[in-house]
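Asker: Residue-level listing of the chains:
Protein chains: 2
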Amino acid sequence: MNTLFLDALACRNDSRAPVWLMRQAGRYLPEYRKIREKYTFTEMYRHPEIASEVTLQPIQIFGMDAAILFSDILVIPEALGLGLHFKDGVGPIIERPLLTDVDIDSLPKPELAESLSYVTQAIDHLSPQLDVPLIGFCGAPFTVASYMIEGGSSRELKKTKQWMLRNPKSFHRLLKHITTCTIEYLNLQIEAGVSALQIFDSWANALGYAQFRECSLNYLSEIRKGLKNQNIPVILFCRGSSVFLESLAEIMPDGISLDWNINLKKARSVIPETIALQGNLDPDILYAPLHVIRQEVTDLLAAMKNDRGYIFNLGHGIKPDMAVDAVRTLVDSVKNFSR
Amino acid sequence: MNTLFLDALACRNDSRAPVWLMRQAGRYLPEYRKIREKYTFTEMYRHPEIASEVTLQPIQIFGMDAAILFSDILVIPEALGLGLHFKDGVGPIIERPLLTDVDIDSLPKPELAESLSYVTQAIDHLSPQLDVPLIGFCGAPFTVASYMIEGGSSRELKKTKQWMLRNPKSFHRLLKHITTCTIEYLNLQIEAGVSALQIFDSWANALGYAQFRECSLNYLSEIRKGLKNQNIPVILFCRGSSVFLESLAEIMPDGISLDWNINLKKARSVIPETIALQGNLDPDILYAPLHVIRQEVTDLLAAMKNDRGYIFNLGHGIKPDMAVDAVRTLVDSVKNFSR
Chain G
1 MNTLFLDALA CRNDSRAPVW LMRQAGRYLP EYRKIREKYT FTEMYRHPEI ASEVTLQPIQ
61 IFGMDAAILF SDILVIPEAL GLGLHFKDGV GPIIERPLLT DVDIDSLPKP ELAESLSYVT
121 QAIDHLSPQL DVPLIGFCGA PFTVASYMIE GGSSRELKKT KQWMLRNPKS FHRLLKHITT
181 CTIEYLNLQI EAGVSALQIF DSWANALGYA QFRECSLNYL SEIRKGLKNQ NIPVILFCRG
241 SSVFLESLAE IMPDGISLDW NINLKKARSV IPETIALQGN LDPDILYAPL HVIRQEVTDL
301 LAAMKNDRGY IFNLGHGIKP DMAVDAVRTL VDSVKNFSR
Chain P
1 MNTLFLDALA CRNDSRAPVW LMRQAGRYLP EYRKIREKYT FTEMYRHPEI ASEVTLQPIQ
61 IFGMDAAILF SDILVIPEAL GLGLHFKDGV GPIIERPLLT DVDIDSLPKP ELAESLSYVT
121 QAIDHLSPQL DVPLIGFCGA PFTVASYMIE GGSSRELKKT KQWMLRNPKS FHRLLKHITT
181 CTIEYLNLQI EAGVSALQIF DSWANALGYA QFRECSLNYL SEIRKGLKNQ NIPVILFCRG
241 SSVFLESLAE IMPDGISLDW NINLKKARSV IPETIALQGN LDPDILYAPL HVIRQEVTDL
301 LAAMKNDRGY IFNLGHGIKP DMAVDAVRTL VDSVKNFSR
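If you read the protein sequences in the order shown, they are chains G and P. In this text, residue positions in the first sequence follow the numbering used here: the first is 1, and each later residue adds one. In this text, residue positions in the second sequence follow the numbering used here: the first is 1, and each later residue adds one.
Computed list of lysine-lysine pairs in BS3-like fashion (alpha-carbon distance at most 25 Å, straight line): (1) P:LYS158 - P:LYS87; (2) P:LYS176 - P:LYS225; (3) P:LYS159 - P:LYS176; (4) P:LYS169 - P:LYS109; (5) P:LYS225 - P:LYS109; (6) G:LYS158 - G:LYS87; (7) P:LYS319 - P:LYS38; (8) G:LYS87 - P:LYS159; (9) G:LYS266 - P:LYS265; (10) G:LYS319 - G:LYS38; (11) P:LYS176 - P:LYS228; (12) P:LYS158 - G:LYS319; (13) P:LYS38 - P:LYS87; (14) G:LYS266 - G:LYS335; (15) G:LYS305 - G:LYS265; (16) P:LYS319 - G:LYS158; (17) G:LYS159 - G:LYS176; (18) G:LYS335 - G:LYS305; (19) G:LYS158 - P:LYS87; (20) P:LYS335 - P:LYS305; (21) G:LYS265 - G:LYS335; (22) G:LYS158 - P:LYS158; (23) P:LYS266 - P:LYS335; (24) G:LYS319 - G:LYS34; (25) G:LYS38 - G:LYS87; (26) G:LYS265 - P:LYS265; (27) P:LYS159 - P:LYS169; (28) P:LYS266 - G:LYS265; (29) P:LYS159 - G:LYS319; (30) G:LYS159 - P:LYS319; (31) G:LYS266 - P:LYS266; (32) P:LYS158 - G:LYS87; (33) P:LYS319 - P:LYS34; (34) P:LYS266 - P:LYS305; (35) P:LYS87 - G:LYS159; (36) P:LYS109 - P:LYS228; (37) G:LYS87 - G:LYS34; (38) P:LYS87 - P:LYS159.
If you are wondering where the hints come from, they were derived from the structure by calculation, not from laboratory data. Since the model is a prediction, treat every value here as computed from it, not as a measurement.
Please model the complete structure; the sequences and the hints are all you need to start from.
Answerer: Right under this line is the structure:
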């Protein structure tokens, strides 16, 4: 078993920095697209064999040091009965978005062990095939709530923020309900055998400082405390982590995954060495010529050279039109860098 | 003459905090929409009388402590011959976006005193009617370049970043060319009589830390140095200023205008008291009930109570569907707060 990732997450890695990439299993891979031709996105993550195969692809092709389960942060709203499908070129569509307080108060308390059994089955199926740790994940309550209200991706989260500001009580009831489900969901993933968890707050940067603490951080903290096995390391990712990193550190996650705005060394200067830092290459660097990718990777690694808690990653996910060669160059550059 | 704004910009304001709001002259005002019915957006900023009238509206209606010239950051690409119009519900459209290096190298050196004479005429026309300082403005070279390449607003600036990463030399030639034009343009505004300048880098948050320093900060610094009258105070605004504020402070602007992610007091703790801070209420707070607006304004003012260099503003512009009453409540709350 390759333990680089877990060692770094425990801040005691003296070997090279581990590397994995957000959205490493995805459309940029021809092997992925070949499967995607035959199945919808939803079918892919709902079938344990297919989800396993797709999760394994980047590990087999590039040799990342961790795998992340092929799934989606919106399986919770789906389990809550809101309806979910993915539209090519658009993204996720929530079919029956929340419109009123009544919609929030009539959300069911779903039997997740049943409705999300395909996730635990995928983990069961995957685990024996892996020689790297498997990362389970979920969306942060604020981000998941925004999809449930907007009905899909949205640039400014106008409806969500209006709800938050005009009717904070029901908004918090929604966040609380998602939090409860999320804790149950992550506990199912832990029981099924994931080695680490990452929570994605992709839209946190829409929030002001105090709003972030009230509507995101509080619930991240509840989730953290609600995990049955406190030994499973938890990484927090936000778009906005460059600004919110000290707040994130307060709830003592095992790792913080940074977006690409901040200088990584500067981030380390305010985050204790007991918390791993993950990131934070601008994903668009993968559009650059290969020699630029090599240089940028090397610069980041050199800056974090003696850091025992550093995990190489992008500041956000790989995009569908990025080149396989670019990803290969990135991974190889991390692995070939000698401390 | 009301000097609160300039006093605060000089960090020696002992009276109440001054207030003005980004996009304070705009579509949320019925008085603005009435004029807009008769003219296109372009006609409005190109006609000195109309531009003056619209600039004055929020001062007359709410009594802000500074006026900002009604214009657009894209008058430079327009003067460079790229064609510009504004599409309702979409935003600015650059008609002939840059496609190749040749397009950059064939950009003209326009006679801005001539092609942008409508701006200086508007300033001439406005000045005698104002009893508050007039703020001139421009876009930052990176943001202006992004519109010239994307052809309009764009969520991820994909083409711009690909150009920056794949062909940095021509990208820097473009930034340099915009910088030269911008310096000339701001000098014209200074000669015409503006009392302060604000530079808008609305898309800076698409950049990584080193990219921001290389592709934005360098050119902001050149602009600052290129102004003929160094006594005219300059404010720098970025989406991303929450992360980039210490970099911005290095080039010694008179003021930094912050987006709403950061805690303002924390920002002050890393920015010397010789640089004014402007901001940073989440603009969406204007969607909240009036008592929430009052509370949020009061909280910000209380936090900056003894700060001699604080200017109240939003973290970004007012949106077209915001309520007049909300804006009035905000302005009144600032004015009624006693230190």
